[in-house]
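Work the whole structure out from these sequences, hints included.
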Amino acid sequence: MAVEKILRLLAALVALVSTAPAFLYLDLPVQVVISILLIAGFIIDQRDGRLLSPLPATLISFVFFFFYLAQMSRSNIVEPVVNMLVLLLAVRLVTEKSGRNQLQIFVLSTFILAASSLLSLSAGYLASLILLVTLVTFGLLLTSFYATDPNLRLNRIQWRSLLRTGSILPIGSLLLMLFFFLVLPRTQYPLWNFLNPQSKPVAGFSEEVNPGSLADLGSSGEPAFRAEMDEIDPQELYWRGLVLNLTDGRSWSRAKYPPIDLLLRENTTAQKQTIYNEPRTSRYLLGLDLPGDIKEIKNQRFADGVFESQQRLDKRIRFTVKSYLSGLLKLKNPQESEFYLRTPDTMTQRVTEIADEIATGEDRKAKIQAAKSFFTRQQLSYASRNLQRTETPVETFLFESKRGYCEYFASSFALLLRLAGVPARLVGGYLGGRYNQLGGYYLVDEDMAHVWVEALDDANHWQRIDPSRLAINAEAAVTGLSRSSFDWPQAAADYLENAWSRLVITYDLNTQLNLIFSTGNSLRHFRSQLPDNRNWWLSLAMVPVIIILFSKKVWKRPASQQRILKRYLAMVCHSAGLKQLPLDLGLFNLAEQSGEPLCHDFAKIFGQAVYHDEPLGKEQKNQLNSIIRQLAMINLNLTESSPPARNQRCSAEAMIDKSTRIP
Amino acid sequence: MTLLLGFAAVNTGNNLLYLLVSALLGFMAVSGWLGQQNLRKLCLSLVLPQEIFVGQPALVGVRLHNQRRRLPAFLIRVELGNEQPLFPQVAAAGHEETCLLLSFPQRGQQQIDDIWLSSCFPINFFVRSTRVSLNQSLVVFPQPLPMPVIQGEGYSEQRTQYTSARGGDSGDLRSIHDYQGGEPLKSIHWKLSARHDNFKVKQHEGQAARPLIIELEQLDGNLEKRIGCATGMAINQLRRQQAVGLKLAGRLISPQSGTGQRRRLLTELALYNGR
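Chains A and B are the protein sequences, given in the same order. Using our numbering, you'd call the opening residue of the first sequence number 1 and step up by one each time. Using our numbering, you'd call the opening residue of the second sequence number 1 and step up by one each time.
I should point out that these hints are in silico values taken from the structure, not numbers from a laboratory. Be aware that a few hints might be false.
So the derived label-pair ranges between C-beta atoms look like this [said to hold, decoys possible]:
#	chain 1	residue 1	chain 2	residue 2	range
1	A	Arg567	B	Asp178	34 to 40 Å
2	A	Ala40	B	Asn82	41 to 47 Å
3	B	Cys99	A	Gln630	38 to 44 Å
4	B	Leu4	A	Trp537	39 to 45 Å
5	A	Asn155	B	Thr267	41 to 47 Å
6	B	Leu4	A	Asp314	25 to 31 Å
7	B	Thr130	A	Arg156	25 to 31 Å
8	A	Ser98	B	Phe7	27 to 33 Å
9	B	His65	A	Gln437	54 to 60 Å
10	B	Ser133	A	Lys618	35 to 41 Å
11	A	Gln437	B	Leu4	43 to 49 Å
None of these values were measured; they are calculated from a predicted model. Where is the CB? At the ideal position from N, CA and C, for every residue including glycine.
Written out as structure tokens, the structure reads:
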């Protein structure tokens, strides 16, 4: 098959693979042009023609170039460049496919793929990259053949050999890619960062709770974070973010330095999580309630169990959290509980009456129970759509609409508790998560953002209360936040996306330095980790010996020609009733003596292959094997070797020697 | 391209660009290694014709042997003067041959020490070369010039009857020997063979012709012309199975016929420098 034909096919495939990741970001006319010209180019290649001669092609390329050059601005660089490159590629696809033009197609395609990395950080890029490297390396390989002789044709064996050797290029390149990716120098603050696809940080859980401000609660489904940990009881999946401790009756906000809480963690086991945080605008760090310690990111711990990052969280970040699920926060100074009893002066009468009713309880525990009973009595339902916008959200929610989402439940409950004399605050974070068995992590998305209440009990311990669970449809709504677990394809897709993000997208200077230092440490401590057992070392020493013995056995394994020849000679011995054939009896001589046409055929086929120094083909092997099988069914009559036989050049031994030299 | 993309990767900190640059660097490393391996362990030999004459194109066989056990050799170009035969592919532990017409401008002993092999494999950006040692010598015979054979001047006739050293099929019976394989059937002595266990073959004397001794000094023209004429004369007469001898600088090469004599005379003439 001609090298040129394969090269043209490769050029079309390279163009297709490189354009695919950027296709959605191209202007519509460019999408149409590249699609049409890709197909046209392929058809023209099959007919050995060309659509554009060099001069018009160059002029059109200049027009495209200057058109998109004029569209560039400081804030819009990447997209015009990608469009321009794709159009230049499209022009090249319908011009003459000379060696130089093929090379230009490969270069343009590589630049298009590079530019697409500035448009999207999707994991699909890796597939395109692997394909492109494979196709371009083979393309360049064939270009060298094409440049040497444009009319070169290779037979099937030569193609196979070239494919086998050529595959070293993409495989080696991709393996070395992993090494170079880890060691190539990186900078802390890239100068051209503005060219990168900007991740869109989401608001996530609110830093201010404003029930009644929204008619509909938005639903994005965007991942908020992933938490690598063992699977636990879904009811315990409360991810603590921030505490809101001030209210004006309508909304809740945070005072940064509230009274100090103490973390009680006696007789509790720590639950460690590794959080992979998606970009977000707020700096509050999330952890399973109750987080005790956060590492691998600079942060400030506040007295109410809130952690705030000292760096912006506008890109994917990894940190570890140690949480105490049975841990408790205790108000250090009970006199300061007044801080959590602050309420607005103006409350409606109905709310005040209910609060007074709750306040009749003997202690905080009874009051909390009374508040829960009131919520249950009110037949409140959890809803996130068609909500009433109002200036008095608590009263409207509790007595009129009786519908609302977690912010309504939590802010109303906390306010009632405060009015009834129970210190209370809101906690913002997430509830639930979908566990990915494949990756061993929880995926928490933005729709799982949640607000609950913490109330101070009689022992001055903060108790978690989730008023949303008091809704009449709590089972369907609130617990529904814990999504159904992943099925296998979803788990695999999310795992790959997560791995891509962890291993590639977020790999930066810090990770690189950590990797270097940890490798250095591992090497320093390697000696102490070596086993002392003598048998272990003996086994280790035996490994190379076994390998050498095995490889020698493999090397000495006779070639297929030799095996066939030995089988044939053995079969001839068997059919002739001899123990052994004369050593100097040649194949042709043997055929002559036996007078058997099958032996003549064998000598002819085998001799032809050996004399031409060519390995036996599949068809020839089948023929020879068939002859050997047929010989088993006949009797041969071999006489003593005659004098000329001694002088035959083609003795069986000679053949064996010769066949061993055949590759 | 790699440098440009590398520059972009460092300045944007974009890990996808880093991946692409890493792949390109990997490709450069692997292609460099493959290109270097492609020229290793190659053995070249020239299959020369038995007679090469000055100015006459000679069909020279070029045999390239790949001594590597696993890696085939690709796109090997052999630089032989103006000729550069190409071997698109040589299998691992295999060999390939090609022929080309070579002309040699000077007579005499020629030594071919080294030959350059080059290849643009695996990518056509660089051409790598290596020098392989050949250490092959050849004798280029003088260009034969036409010269009518005239009795008397320029050569002398020897009256002694010579017997051709080469066996023939029309002379007297010289000997009978065992069948070696390859002898014509008509030479088998059937009667004698019937009385023995093996075939017996007759060998006859070659038909001897009138001997001729070429004296270089007696010929006209300059040295090269005289050598050319002597070469032409020797070839012509030997082709007619005539015994030919040569007198060179007082040295006599006794007249004989056959291929051995032809080679001997031509070699003497090729190496003769006038003294």
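Going down the list of hints, with the structure as the test:
1. A:Arg567 - B:Asp178: 34 to 40 Å: The hint (34 to 40 Å, Cβ to Cβ) holds, given that A:Arg567 and B:Asp178 are roughly 36 Å apart.
2. A:Ala40 - B:Asn82: 41 to 47 Å: With a Cβ separation near 44 Å, A:Ala40 and B:Asn82 satisfy 41 to 47 Å, so the hint holds.
3. B:Cys99 - A:Gln630: 38 to 44 Å: holds (42 Å)
4. B:Leu4 - A:Trp537: 39 to 45 Å: About 51 Å separates the Cβ atoms of B:Leu4 and A:Trp537, which means 39 to 45 Å is violated.
5. A:Asn155 - B:Thr267: 41 to 47 Å: Cβ of A:Asn155 to Cβ of B:Thr267: about 43 Å, so the range 41 to 47 Å holds.
6. B:Leu4 - A:Asp314: 25 to 31 Å: Distance hint for B:Leu4, A:Asp314 holds at roughly 28 Å.
7. B:Thr130 - A:Arg156: 25 to 31 Å: This hint holds: roughly 30 Å between Cβ atoms.
8. A:Ser98 - B:Phe7: 27 to 33 Å: holds (30 Å)
9. B:His65 - A:Gln437: 54 to 60 Å: Roughly 58 Å apart at Cβ, these two residues keep to the hinted range, so it holds.
10. B:Ser133 - A:Lys618: 35 to 41 Å: Since the Cβ atoms of B:Ser133 and A:Lys618 sit about 40 Å apart, the hinted range of 35 to 41 Å holds.
11. A:Gln437 - B:Leu4: 43 to 49 Å: holds (44 Å)
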